[in-house]
Amino acid sequence: MLSEKDRAEIEEVIAIYGHVVDDNAWDRAHLVFSDDFVFDFSEFGRPNLNGVAELKDALRGRRVYSHHSTNVVIEEQPDGTARVRSKFIGFPNEGPPISGDYRDLFVRTPDGWRLARRRSSVRDPRFD
Amino acid sequence: MLSEKDRAEIEEVIAIYGHVVDDNAWDRAHLVFSDDFVFDFSEFGRPNLNGVAELKDALRGRRVYSHHSTNVVIEEQPDGTARVRSKFIGFPNEGPPISGDYRDLFVRTPDGWRLARRRSSVRDPRFD
Amino acid sequence: MLSEKDRAEIEEVIAIYGHVVDDNAWDRAHLVFSDDFVFDFSEFGRPNLNGVAELKDALRGRRVYSHHSTNVVIEEQPDGTARVRSKFIGFPNEGPPISGDYRDLFVRTPDGWRLARRRSSVRDPRFD
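Residue numbers (the working numbering), protein chains in the order written: chain F, 1 to 128; chain U, 1001 to 1128; chain R, 2001 to 2128.
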């Protein structure tokens, strides 16, 4: 079962992600991403990003200059990984802030919990 | 005294609330709300919502499509309940994000901490 | 080494800060600030604010009426203090929300962890 320490570590990795990406602090990327990290764009029919180098390239000329994470919910999986859902608020270069969701896979590595896979979606007004 | 685990559980319930409400994931509502949950509108002179079914109905045609929680502060009460204050950012269907406050009552149930009462207020610019 | 309890306490102080400042709840300021608190404006070439009384004065006629903290990252220092980075979302009286960063120094006091120094910066769209 995940300990309080496990949960706090995962939340911290999610927190650090925002600083790394927004500050271009790629020297700290090893604190966030597993070696085989994948940014999963399959649901958009776009190719995935594989590894930190591809993520870094993709973020050049970025559209969103600040990322805030909230509402982190962690669920341990039977295989020892963790599924993590969170929400984010992004500040685009133009226009008001946006709200979105991250769906993450976290893995336990010798250096601690790391983000192995992230799917991101932006939320639209929804009438129901 | 509240343990770190108690506090982490309460924070997680607040986090899950946003996902349940924004995703219409009412099958997960039992993870958030106590059976006798009340959404307290007394300060607005409107009737309270009693139970999840009334909340779900009230949110149809909702005006705010995403809810992010931050600044959670938990205070144990002498009767074993917890008073919890937090802030939220809401994304209305129209117009820029809003900032508000939740004042919650949490209770310990056999299944864990659950939200028994919530008051919500939206914050306005304030000059002092 | 910082315990989970230390980390949770520091996160809570950051959470309370938003409530104190936004609610003008200065009677709770002792839960947040060390006696020798400094709001550090050195990088802006403006004088620092020293102590809660100066902060309170400076916030009269404030421009930002709500402060939400996210992405808290805590690093223990060899001298027993803690460096804490976080992000904030502020709601200005006019215009859409802003995104910024806090760089904090926390100290351990007989009453618990307290904020001894804060630097704040507002983030701008950045093209790279």
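Please keep in mind that the hints were generated in silico from the structure rather than gathered at the bench. All C-beta atoms in this analysis are idealised placements derived from N, C-alpha and C, irrespective of residue type, glycine included. Fair warning: there could be bad hints in the mix.
[Stated by the list, open to error] Only part of the chain U face toward chain R is listed, based on derived beta-carbon distances under 8 angstroms: (1) G1051; (2) V1073; (3) P1092.
[What the hints assert, rightly or not] Pulled a few chain R residues facing chain U out of the computed Cβ check, cut under 10 angstroms: (4) E2012; (5) I2014; (6) G2018; (7) S2066; (8) S2069; (9) N2093; (10) G2100; (11) Y2102.
[Stated by the list, open to error] When the alpha-carbon atoms are kept at most 30 angstroms apart in a straight line, the in silico DSS-like pairs for lysine-lysine are as follows: (12) U/K1005 <-> F/K5; (13) R/K2056 <-> U/K1005; (14) R/K2056 <-> F/K5.
Taking the hints in turn, this is what the structure says about them:
1. G1051: violated (29 angstroms)
2. V1073: The hint holds - U/V1073 has a Cβ within 8 angstroms of chain R, the shortest such distance being about 5 angstroms.
3. P1092: With a minimum Cβ separation of about 12 angstroms from chain R (threshold 8 angstroms), the hint on U/P1092 is violated.
4. E2012: holds (6 angstroms)
5. I2014: At about 8 angstroms, which falls below the 10 angstroms cut-off, the nearest Cβ of chain U leaves the hint on R/I2014 intact, so it holds.
6. G2018: holds (4 angstroms)
7. S2066: At about 4 angstroms, which falls below the 10 angstroms cut-off, the nearest Cβ of chain U leaves the hint on R/S2066 intact, so it holds.
8. S2069: holds (6 angstroms)
9. N2093: This interface hint holds because 4 angstroms falls under the 10 angstroms limit.
10. G2100: Check failed: Cβ of R/G2100 comes no nearer than 14 angstroms to chain U, outside 10 angstroms.
11. Y2102: violated (13 angstroms)
12. U/K1005 <-> F/K5: Roughly 10 angstroms separates the two Cα atoms, so the pair holds.
13. R/K2056 <-> U/K1005: At roughly 35 angstroms apart (the allowed maximum being 30 angstroms), U/K1005 and R/K2056 break the hint.
14. R/K2056 <-> F/K5: Violated, at roughly 36 angstroms.
The structure shown violates the earlier hints numbered 1, 3, 10, 11, 13 and 14.
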